[in-house]
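*Asks:* Residues per chain are reported as follows:
2 protein chains.
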Amino acid sequence: MPRRLPTVSDVARAAGVSRQTVSNVLNSPEIVREATRDRVTAAVAELGYRPHASARRLRTRRASTIAVRLDPFAGGISGAVLDRFLHALTERAEARGLTVMLYTATDAGDEIRQFQRLVDGAVVDAFVLASTYSGDPRTEWLIEHGHPFVTFGRPWGIPELDDPQHFWVDVDGRAGVAEAVRRLRASGARRVGFLGWPAGSGTGDERRAGWAAALAEAGVDAGERALLTVDAEESVAAARAAAKRLLGQASDLDAIVAASDTLALGALIATGGALRVVGFDNTPVAEAIGFSSIDQRVDEVAAAALELLDLVGRSEAGDPRSHRLITPDVIMRTPGPALGLVG
Amino acid sequence: MPRRLPTVSDVARAAGVSRQTVSNVLNSPEIVREATRDRVTAAVAELGYRPHASARRLRTRRASTIAVRLDPFAGGISGAVLDRFLHALTERAEARGLTVMLYTATDAGDEIRQFQRLVDGAVVDAFVLASTYSGDPRTEWLIEHGHPFVTFGRPWGIPELDDPQHFWVDVDGRAGVAEAVRRLRASGARRVGFLGWPAGSGTGDERRAGWAAALAEAGVDAGERALLTVDAEESVAAARAAAKRLLGQASDLDAIVAASDTLALGALIATGGALRVVGFDNTPVAEAIGFSSIDQRVDEVAAAALELLDLVGRSEAGDPRSHRLITPDVIMRTPGPALGLVG
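Chains as they are written, first to last, in my numbering: chain F, 14 to 356; chain Y, 14 to 356.
These aren't lab readings, by the way, just hints derived from the structure by calculation.
Accuracy of the hints is not assured; some may be wrong.
Said to hold, decoys possible - Every beta carbon over 10 Å from chain Y, so not counted as near; a handful from chain F, in silico:
{"no.": "1", "residue": "E43"}
{"no.": "2", "residue": "D51"}
{"no.": "3", "residue": "T103"}
{"no.": "4", "residue": "G215"}
{"no.": "5", "residue": "E219"}
{"no.": "6", "residue": "E230"}
{"no.": "7", "residue": "G236"}
{"no.": "8", "residue": "L324"}
Claimed, not checked - Here are some chain F residues the structure puts well away from chain Y; computed CB gaps all over 12 Å:
{"no.": "9", "residue": "D23"}
{"no.": "10", "residue": "A25"}
{"no.": "11", "residue": "R50"}
{"no.": "12", "residue": "R130"}
What the hints assert, rightly or not - Some chain Y residues close to chain F (C-beta under 7 Å, calculated; not the full set):
{"no.": "13", "residue": "L83"}
{"no.": "14", "residue": "P85"}
{"no.": "15", "residue": "I90"}
{"no.": "16", "residue": "R97"}
{"no.": "17", "residue": "H100"}
{"no.": "18", "residue": "E107"}
{"no.": "19", "residue": "L111"}
{"no.": "20", "residue": "T112"}
{"no.": "21", "residue": "M114"}
{"no.": "22", "residue": "L115"}
{"no.": "23", "residue": "S144"}
{"no.": "24", "residue": "Y146"}
{"no.": "25", "residue": "L240"}
{"no.": "26", "residue": "A301"}
The beta-carbon is built from N, C-alpha and C at its ideal position, and this holds for glycine as well.
Assemble the whole structure, with the sequences as input and the hints as a guide.
*Replies:* As C-alpha cells, this is what we get:
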C-alpha cells in the first residue's frame with residue numbers, strides 16, 4: 014500500500030470512535046467526554062494526523078481538472094436538471110481556468126474504482142458528485158483518501174450534515190415547496206395537496222416536509238394533512254393514478270404541489286387541467302406545457318460548487334462556508350388559453 | 014511559426030487551386046484536367062506533402078482524450094438531443110478507454126482558440142464537433158493543422174461532402190421525414206403539410222426535401238405542394254401562428270410533419286389536437302405529451318463517431334467508410350385518451 018497521509022478515518026479507527034466523534038474533538042471538544050477526548054488526542058498525536066493535510070496540498074497545486082459523472086440517458090423528464098447543472102458547471106469552470114472531464118459508472122463500487130483510476134492517472138484533481146444519498150460510500154472513500162471533492166446534494170445522514178470534511182451545496186427543497194404552498198394559498202387556493210415520492214428519499218421527504226410546514230403554519234392539522242397527500246413512483250402513469258386517489262380522498266382540492274415535473278404532469282392529466290399544479294425542477298416540459306414549477310437555480314449551484322472547491326484546503330475545520338443551501342425559485346405560470354389538458 | 018507537416022491546404026495554396034481539386038487529384042485524377050493535375054503534382058512533390066501524415070501520427074499514439082463543446086443551457090425543447098449525444102458518447106468512449114473532456118466557446122473564432130489551447134496543453138488528442146454549418150471555419154482549421162476530428166453533422170458545402178480529410182457522421186433527416194410522410198399516408202392521411210424552418214439551414218432544407226420527395230412519389234405536384242408548407246422560426250409561439258396560416262391556405266389538411274418537436278408542439282396547439290402531428294428529435298416533451306416524432310438515434314451516432322475516430326489516420330484517402338449517414342427512426346404514437354390539447 015502506498016504511503017499516504019493519515020486521515021480522520023485512520024484516527025477514528027485507532028481511537029475506536031466514529032469519524033463524527035473525531036471531528037467533534039477537533040472542532041467542539043467541549044461536547045465530548047474527557048476520556049474519549051483523550052483517546053482521540055492520543056491517536057491524533059500517534060498517527061501525526063493533521064486536519065486537511067491532503068486538502069492543503071491543493072492550496073499550492075490548485076486543481077485544474079474536475080471530474081463529473083455522466084450517466085447513460087435514461088429518458089423521462091427530470092434528467093434535464095443534471096444536464097443543466099453540467100452545462101453551468103462547464104461554463105463557470107472554464108471562466109476559472111478549470112476543465113471538466115466526464116466519466117461513467119455502473120454503481121457506487123464501480124465509481125470508486127473510477128476515482129482510483131482517474132487519480133492514479135493524475136488526470137483529475139477534484140471531483141464534483143451529484144445525487145448523494147444516505148450512507149454514500151463514494152464520499153466516505155474520497156474523505157478517507159484525501160481527495161478534494163464537492164457534492165451537489167447534502168450528506169443525507171443527519172449527524173454528518175456539518176462534517177467539516179464534506180463540502181456540499183444543495184437546494185433547499187423544503188423552503189421551495191413551502192413557498193409554493195404559501196403563494197398558492199395567497200392567490201386563493203384553500204386546500205393544497207401534495208403528490209410526493211414514497212417516504213425514504215431524503216430529497217422527497219424534505220419536499221413533503223416543506224408542504225406540511227406551510228399547511229401547519231396555516232392551521233391545517235396533521236389529521237387533515239394526512240388526507241391531502243399521496244405517493245407515487247417517478248412516472249406520469251403512476252402519478253396520474255395517485256392523483257385520482259388523492260381527488261377521491263379530498264374532493265375539494267384547489268391545487269396540488271408535486272415532488273417533480275413528472276408527477277406534476279400526471280396530476281395535470283388526472284385533474285384535466287381544472288386544478289392548479291406546481292411541479293419541481295422547472296424542466297423544458299413544464300415550460301412547454303406552461304405549468305408552474307420550482308426551479309433549482311442550477312447556475313447558482315454550479316457557482317457555489319466551484320467556490321467551495323476553492324475553499325477545500327483553505328478553510329478551517331468547521332468553517333460554515335463549507336456548506337451552501339440555495340433557495341430555489343418558485344416559477345408561477347397561469348395556464349394560458351393556449352393549452353388545456355383533458356384527462 | 015513552429016515547423017509542421019504540409020497539409021492539403023498548403024498544396025492547394027501553392028498550386029493555386031481549391032482543396033477539393035487537390036483531393037480530386039489524389040483520389041480521382043481522371044476527372045481533373047491535365048494542366049491542373051500537373052500543377053498539383055508538382056506542389057505535392059515540392060512541399061513533400063503526404064496524405065494523412067498528421068493523422069498517421071494517431072495510428073501509433075492512439076487518441077485517449079476527446080474534447081466536446083458544451084454550450085450554456087439555452088432552455089427550450091430540442092437541446093436535449095445534444096445532451097443525449099453527449100451521454101451516449103461518454104458511455105461509449107469509456108468502453109473504448111477514451112475520456113471525454115468538455116470546453117465552451119462563445120463563437121467559432123473563440124472555439125478555434127480553444128482548439129489551440131487544448132492541443133498546446135497536450136490535453137486533448139481529438140475533437141468531436143456537433144452543429145456543423147456551411148463554410149464552417151472550425152473544420153477548416155482542424156484540417157489545416159492536422160488534428161484528428163469527427164463531426165456530428167455533414168460538411169454543408171456540397172463539394173466537400175466527400176472530402177477525404179473530413180470524417181463525419183450525420184442523421185439522414187430527408188429519409189426520416191419522407192418515411193414519416195409515407196407512414197402517415199399509409200394510415201389514411203391524404204393531405205400532409207410541412208412546417209419547417211426558413212430556407213437556408215442545411216438541416217432544415219433536407220427535412221423539407223424529404224417531405225417534398227414523399228409527396229412527389231405520391232403524385233402531388235409542385236404547385237400543390239407549395240400550398241402545403243409554411244415556415245416558422247424555432248419557437249412554440251411562431252410555430253402556432255405559422256400552423257394557423259397553413260390551415261388557412263390548406264383547410265383540408267390531415268396531418269403535419271414539423272422540422273422539430275418545438276414546431277410540432279406549436280402545430281398541435283394551433284390545431285387543437287385534431288390533426289396528426291409528427292415532430293423531429295423525439296424529445297422528452299414529445300414522449301410526455303405523446304405525439305409522434307422522428308428519433309435521431311444518437312446512440313448509433315455516438316458509436317459511429319468513435320469508430321470513425323479510430324479510422325482517422327488508418328483509412329486511405331477517399332475511403333467511403335469515412336462518412337456515415339444514419340437513418341433515423343420514426344416513432345409513431347397514437348394520441349391516447351390521456352391527453353388532448355385545446356388550441
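*Asks:* Each hint needs a verdict: does it hold in this structure or not?
*Replies:* Evaluated hints:
1. E43: Non-interface label on E43(F) holds, nearest chain Y Cβ at 46 Å vs cutoff 10 Å.
2. D51: Check passes; 48 Å lies beyond 10 Å.
3. T103: violated, 5 Å
4. G215: holds, 25 Å
5. E219: For E219(F), whose nearest Cβ neighbour in chain Y is about 24 Å away, the distance exceeds 10 Å, so it holds.
6. E230: At roughly 33 Å from the nearest Cβ of chain Y, E230(F) sits farther out than 10 Å, so the non-interface label holds.
7. G236: holds, 33 Å
8. L324: holds, 23 Å
9. D23: holds, 31 Å
10. A25: holds, 34 Å
11. R50: holds, 46 Å
12. R130: violated, 10 Å
13. L83: holds, 5 Å
14. P85: holds, 5 Å
15. I90: This hint holds: I90(Y) lies near chain F, its Cβ roughly 5 Å from the closest one there, short of 7 Å.
16. R97: holds, 5 Å
17. H100: holds, 4 Å
18. E107: Holds - the Cβ of E107(Y) comes within 7 Å of chain F, reaching about 5 Å at its closest.
19. L111: violated, 11 Å
20. T112: holds, 6 Å
21. M114: Hint on M114(Y): holds, closest Cβ of chain F at ~5 Å, below 7 Å.
22. L115: holds, 4 Å
23. S144: violated, 15 Å
24. Y146: violated, 21 Å
25. L240: violated, 26 Å
26. A301: holds, 5 Å
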